[in-house]
Amino acid sequence: MARWGGQAHPAMQVPSPSAREAASMYGTAVAVFLVILVAALQGSAPPESPFPYRIPLDPEGTLELSWNVSYVQETVHFQLLVRELKAGVLFGMSDRGELENADLVVLWTDGDSAYFGDAWSDRKGRIHLDAQQDYQLLRAQRTREGLSLLFKRPFGTCDPKDYLIEDGTVHLVYGILEEPFQSLEAINVSSLQTGLQRVQLLKPNISVPALPSDTRTMEIRAPDVLVPGQETTYWCHITELPNGFSRHHIVMYEPIVTEGNEALVHHMEVFQCAAEFESFPRFSGPCDSKMKPERLNYCRHVLAAWALGAKAFYYPEEAGLAFGGPGSSRFLRLEVHYHNPLKIKGRRDSSGIRLYYTATLRRFDAGIMELGLVYTPVMAIPPQETAFVLTGYCTDKCTQLALPPSGIHIFASQLHTHLTGREAVTVLARDGREKEVVNRDGHYSPHFQEIRMLKKIVSVRPGDVLITSCTYNTGDRTLATVGGFGILEEMCVNYVHYYPLTQLELCKSAVDPGFLQKYFHLVNRFNSEEVCTCPQASVPEQFASVPWNSFNRQVLKALYGFAPISMHCNKSSAVRFQGEWNLQPLPEIISKLEEPTRHCPASRGQSPSGPTMVSIGGRKG
1 MARWGGQAHP
11 AMQVPSPSAR
21 EAASMYGTAV
31 AVFLVILVAA
41 LQGSAPPESP
51 FPYRIPLDPE
61 GTLELSWNVS
71 YVQETVHFQL
81 LVRELKAGVL
91 FGMSDRGELE
101 NADLVVLWTD
111 GDSAYFGDAW
121 SDRKGRIHLD
131 AQQDYQLLRA
141 QRTREGLSLL
151 FKRPFGTCDP
161 KDYLIEDGTV
171 HLVYGILEEP
181 FQSLEAINVS
191 SLQTGLQRVQ
201 LLKPNISVPA
211 LPSDTRTMEI
221 RAPDVLVPGQ
231 ETTYWCHITE
241 LPNGFSRHHI
251 VMYEPIVTEG
261 NEALVHHMEV
271 FQCAAEFESF
281 PRFSGPCDSK
291 MKPERLNYCR
301 HVLAAWALGA
311 KAFYYPEEAG
321 LAFGGPGSSR
331 FLRLEVHYHN
341 PLKIKGRRDS
351 SGIRLYYTAT
361 LRRFDAGIME
371 LGLVYTPVMA
381 IPPQETAFVL
391 TGYCTDKCTQ
401 LALPPSGIHI
411 FASQLHTHLT
421 GREAVTVLAR
431 DGREKEVVNR
441 DGHYSPHFQE
451 IRMLKKIVSV
461 RPGDVLITSC
471 TYNTGDRTLA
481 TVGGFGILEE
491 MCVNYVHYYP
501 LTQLELCKSA
511 VDPGFLQKYF
521 HLVNRFNSEE
531 VCTCPQASVP
541 EQFASVPWNS
551 FNRQVLKALY
561 GFAPISMHCN
571 KSSAVRFQGE
581 WNLQPLPEII
591 SKLEEPTRHC
601 PASRGQSPSG
611 PTMVSIGGRK
621 G
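The opening residue of the sequence shown carries number 1 in the numbering used here; numbering runs sequentially from there.
Don't take every hint at face value.
Here are the computed lysine to aspartate or glutamate pairs in the DMTMM-like style, where the Cα-Cα straight-line distance is at most 20 Å [stated by the list, open to error]:
1) K343 <-> E231
2) K397 <-> E254
3) K456 <-> E489
4) K592 <-> E276
5) K592 <-> E318
6) K435 <-> E588
7) K124 <-> E166
8) K455 <-> E276
9) K455 <-> E588
10) K571 <-> E276
11) K345 <-> D224
12) K86 <-> D122
13) K203 <-> E276
14) K456 <-> D476
15) K311 <-> E219
16) K592 <-> D431
Hints are computed from structural coordinates only; laboratory data are not their basis.
With the sequences and hints as input, model every part of the structure.
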C-alpha cells in the first residue's frame, strides 16, 4: 500500500512542459506517477493568508477548503487541507450537489503509487479520467495540520465534462477514499463517504470602506445554546437594545462563530421587531417550538444576514442602515441555523453577529426593498415540473411615482424562495430594453441564503422596470404549489439593499385574480373533472382540483405570460401609493439581454493530458 507518511526525501521538481508533453505521448490512459513525499514541515504560516475565504467541507472538519479568486485571469486557486488522509480524496462541483454527473479532481492510490487528476462522474456514479486536465496541481505538501493540496482551475474551460464556475451559489462535493483502487475507473461514488457544501465561490472584488473613528460594536449572540442532536435546528433568541439607545447607522457586520462549531453553524440572521409593539416576550429556543410566542412573527425586518463562506459585510461609505431612536423597535431576534448531520449531542454554541455602528450618521440612510411576487396563492406551480418559471414586476409606473428624480443605488441583494426554488434573477429594464442583471443565481438553493454585495452598484431611475424571475422544481409533488408564507408554499423575492432610503418598501406583482378565474372556467370546458368556481372555493382548493394534463399546464404558463397584473406599490406603512394598481398591463420588453460569450482559456497547450508529477514543497516548473 502506498505510504502517505514516512522518511523525508529531497524535493523533486515538476517536469517542464516539454517533459510533460513527452510523457503524454503514452496516452491519457497511462497515469503519470505521482510521488507524494511526506515531510513534517516546520515554520509558521505567512502573516497574511493568500486565501481569504475558508470553509469546512465535512461535519467532522477533516476536509477544509480555502480559495481566492482572480478576475483578471478568470481563475480560482484552491487549497484543500486533508487532516486525516486515508487512501485519497475527491473534490468537485455539480449542478445541485449530486456526486453523479459531477466535475471532480481526485487524489487516489492503487496501493503502490499515488495519483492526482481531473475527472468526472457519469450518471451511475462511475469516475472517469478527463481527457482535458483543467484542474492543475501546483503543490502538495505535508503541514503540521495534514496534507495540503494547492491547485487551480479557470472559471470556464469549454470542456463539456466540466462545471462552469459563475456568480451565485456553487454546490461543492467531496468524498473520502478509505481503500486503494487499482484504477480511477474502479471508483464508484456510491461506495464512498461523501457530502456537499454550498458556497459563493466568486466573491466580489470590491474595496473595503474605512470605518468611522467613533465606530462601536455590539454582539448579538446565542446564549450558550445546547445544540439539539438533530440534523436541522433553527434557534430563535430575543434580545434588546439598551434603554435610550439613540439613532445610529450600522456600517459593517461580521460573523462570530464559536470555535469548534465552524461545521455546525450554517447561517445566521438578525431581525428587528415591529415598532408598533411596545414589548416582546423573552424567548430562546427552537423557532418551530410550540412555546415560541406568536408575537415573534413580527420580528422580520432584516438587519444582518450571514451564511457559511461569507466574510464581513460593509455598507458603502456614503450610507448606513439606521437602527435605534424614535420609531424603531428596541427588540431584535437572532436566528441561527444549525446543520448537524452527524446528530452530535452535548455541543454548546454562542455564535452570532457583531454589528459595527456609528452615532455620526452618514449622508444617506440605506433601505431594503422587496421585489418579485406578492405572497398570494394566485401564483402557482403545477406538480411534476422541473423548470417552471414565475415572474414578478416592479413596474415603470411605480418607480416613476415612488423614486426620487436622482434614482436609487442598489449595492446588495438577497434572493429568496422556499423549498422548490432552483434559480432566481432580477433584471433592470429601461425604455423597454433589458439593461443589466441586478443579481442572478443559476444554482440557487433555499438552504443557502445570504445578503450578497454586488460586484458593481446598480442605479435605478424613475421609470425603470425591475423584473424578478424564479425557476421551480416540483418533481416530487403531486399537488400544485401555491404562493404564500408557509414553507410548503412558494415565494419569489429579492430583498435589495439600496440608498438613499425612500418610502417605497415593496414593489411586487401577481396575476389579476379575475383572469385566474377565467383560467379555471376554461379548464372546466376542456376537462371532465370540475374545478369549483363558486365563491366559497379558495384558490388553493381550485388549484388542487385541476387535472394537470399538458393542456392545463401550458395554458397556465401562457396566462402568467400575458394576463394583466395587480401591482403592490407599497409604502413602509403597507399602504399603496396613490393610483390605480389593478388590471395593469405587463411591462413591454422589446429587447432582452444576450447570454455572455464564454471564453476558452488560451493556454490549452500547457495543460497536462494526465495526472501531474509533483513533490512536497515543489512548485510548477
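Here is how each hint holds up against the structure:
no.: 1; hint: K343 <-> E231; result: 6 Å, holds
no.: 2; hint: K397 <-> E254; result: 38 Å, violated
no.: 3; hint: K456 <-> E489; result: 33 Å, violated
no.: 4; hint: K592 <-> E276; result: 43 Å, violated
no.: 5; hint: K592 <-> E318; result: 33 Å, violated
no.: 6; hint: K435 <-> E588; result: 14 Å, holds
no.: 7; hint: K124 <-> E166; result: 26 Å, violated
no.: 8; hint: K455 <-> E276; result: 36 Å, violated
no.: 9; hint: K455 <-> E588; result: 28 Å, violated
no.: 10; hint: K571 <-> E276; result: 16 Å, holds
no.: 11; hint: K345 <-> D224; result: 14 Å, holds
no.: 12; hint: K86 <-> D122; result: 24 Å, violated
no.: 13; hint: K203 <-> E276; result: 38 Å, violated
no.: 14; hint: K456 <-> D476; result: 38 Å, violated
no.: 15; hint: K311 <-> E219; result: 16 Å, holds
no.: 16; hint: K592 <-> D431; result: 12 Å, holds
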